[in-house]
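Got chain U; can you put chain Y on it based on the hints?
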Amino acid sequence: MNNLNPHTLSLPKAVVTLAAGALFGFGLSLATMVQPEVVINFLLFKDWGLMLVMGGAAGLAMLAYKGFPRWFIRPLLGGQFLTQPSNWNRQTVIGSAIFGIGWGLSGVCPGPAIAALGTGNTDILWALGGIVLGALAHGLTARD
Amino acid sequence: MNLIETLFPLGWQHYLLGGLTIGAGVALLFLFNGWVGGMSSVFSSSWSFVSKRAFFQQARFVSTRNWRLVYALGVVLGALVWRFTLAGGEAQHTSVSAWQLLVGGFLVGYGARLGNGCTSGHGICGLGSLQLPSLFAVLTFMATAFITANLMAWSLA
Numbered sequence: 002m003n004n005l006n007p008h009t010l011s012l013p014k015a016v017v018t019l020a021a022g023a024l025f026g027f028g029l030s031l032a033t034m035v036q037p038e039v040v041i042n043f044l045l046f047k048d049w050g051l052m053l054v055m056g057g058a059a060g061l062a063m064l065a066y067k068g069f070p071r072w073f074i075r076p077l078l079g080g081q082f083l084t085q086p087s088n089w090n091r092q093t094v095i096g097s098a099i100f101g102i103g104w105g106l107s108g109v110c111p112g113p114a115i116a117a118l119g120t121g122n123t124d125i126l127w128a129l130g131g132i133v134l135g136a137l138a139h140g141l142t143a144r145d
Numbered sequence: 004m005n006l007i008e009t010l011f012p013l014g015w016q017h018y019l020l021g022g023l024t025i026g027a028g029v030a031l032l033f034l035f036n037g038w039v040g041g042m043s044s045v046f047s048s049s050w051s052f053v054s055k056r057a058f059f060q061q062a063r064f065v066s067t068r069n070w071r072l073v074y075a076l077g078v079v080l081g082a083l084v085w086r087f088t089l090a091g092g093e094a095q096h097t098s099v100s101a102w103q104l105l106v107g108g109f110l111v112g113y114g115a116r117l118g119n120g121c122t123s124g125h126g127i128c129g130l131g132s133l134q135l136p137s138l139f140a141v142l143t144f145m146a147t148a149f150i151t152a153n154l155m156a157w158s159l160a
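Sequence order for the protein chains is U and Y.
The first sequence begins at 2 in the numbering used here and counts up one residue at a time.
The second sequence begins at 4 in the numbering used here and counts up one residue at a time.
Only chain U is shown next, with the shape it has when bound in the complex (with noise of 0.2 Å):
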């Protein structure tokens, strides 16, 4: 069943992805990136943690990006294996520049926002409405 739009989202394929994004937060709130103090914590090099959470997942996902498509043709339930370029311009320094900035001062990033509605942490609704209008002021101003 080839799709004209590879990312068509059917039933089975909704499913997947509400548990994927239910390992991706249950994960973050075990390694305690859901608290901020810990990221910052880090940027102050208190605590190392937070490299293994980054080179666990990286490696696993490594593993998946490198190892699926050469053991399947396609993915499971359809489709194909999409890949995400990324490119190194004037964008990404600037918006990664920036990026660091704000994560710096809240300790805070677009997975641990989104978490912190299931942890129940209300403190980090400022930072999530801020990640909502700085996505929005973005879009607005973008000349694409």
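It should be emphasised that the hints constitute simulated quantities derived from the structure, not laboratory data.
Predicted, not measured: the structure shown is a model, and the values here were computed from it.
One or more of the hints may lead you astray.
[What the hints assert, rightly or not] Covered, in the sense of this in silico footprint (three residues per stretch, anywhere, with C-beta under 8 Å from a C-beta of chain U), are these stretches of chain Y: (1) 6-15; (2) 32-45; (3) 51-59; (4) 103-114.
[As the list claims (entries may be wrong)] DEER-style ranges, computed between Cβ atoms: (5) Y:L154 <-> U:P13: 43 to 51 Å; (6) U:L64 <-> Y:T88: 21 to 29 Å; (7) Y:L159 <-> U:W72: 22 to 30 Å.
Backbone N, C-alpha and C define an ideal beta-carbon position, used for all residues, glycine too.
Showing chain Y alone in chain U's frame:
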């Protein structure tokens, strides 16, 4: 004190286990659906439901907005499960001030979208697919975050 305790005063197992769980989620999404699941895109793709602006109506947002929203919902669900299984059900709190969260959040949202990725998009998916631009992006935001956090700690001291 040995090296492990110096680097990881709160222990290291939960960090690694949590990271592997995040990686398992990313791997699952790719294995079954073929999709690359960074987190920050949902903040642009969801605006496409509301704003008619051409930027938000790009195919890369409109075609992925449904699954990205379900993915984000899953993150909330996973955090909720953690809270009621391992964290005793109590709501979490942070001592970081509201203005830092709001202003920092705004810069995080703006910067992640301008730079096309965040700690998960560049840091997990980008590094996981061995993309050099993502490595540079990670090094860039680690550097500015390190400077900012240290300046803050210094000014509050």
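Given a hinted range of 43 to 51 Å, is it respected by the beta-carbon distance of Y:L154 and U:P13? holds (49 Å)
Just to be sure I understand the hint, the distance between the Cβ atoms of U:L64 and Y:T88 should be within 21 to 29 Å; is that true here? Holds, at about 27 Å.
Count residues of the region 51-59 of chain Y with a Cβ under 8 Å from any Cβ of chain U, then say if the count reaches three. holds (count 5)
Proximity test - 8 Å, beta-carbon atoms, the region 103-114 of chain Y to chain U, at least three hits: Held - the region 103-114 of chain Y has 12 residues with a Cβ nearer than 8 Å to chain U, which meets the minimum of three.
Outcome, coverage hint (the region 6-15 of chain Y, chain U; C-beta under 8 Å; three residues): holds (count 5)
Under 8 Å between beta-carbons, do enough residues of the region 32-45 of chain Y, three at least, approach chain U for the coverage claim to hold? holds (count 13)
Could you see if the CB distance from Y:L159 to U:W72 stays within 22 to 30 Å? About 51 Å separates the Cβ atoms of Y:L159 and U:W72, which means 22 to 30 Å is violated.
Against the hints set out earlier in the document, a violation occurs for number 7 only.
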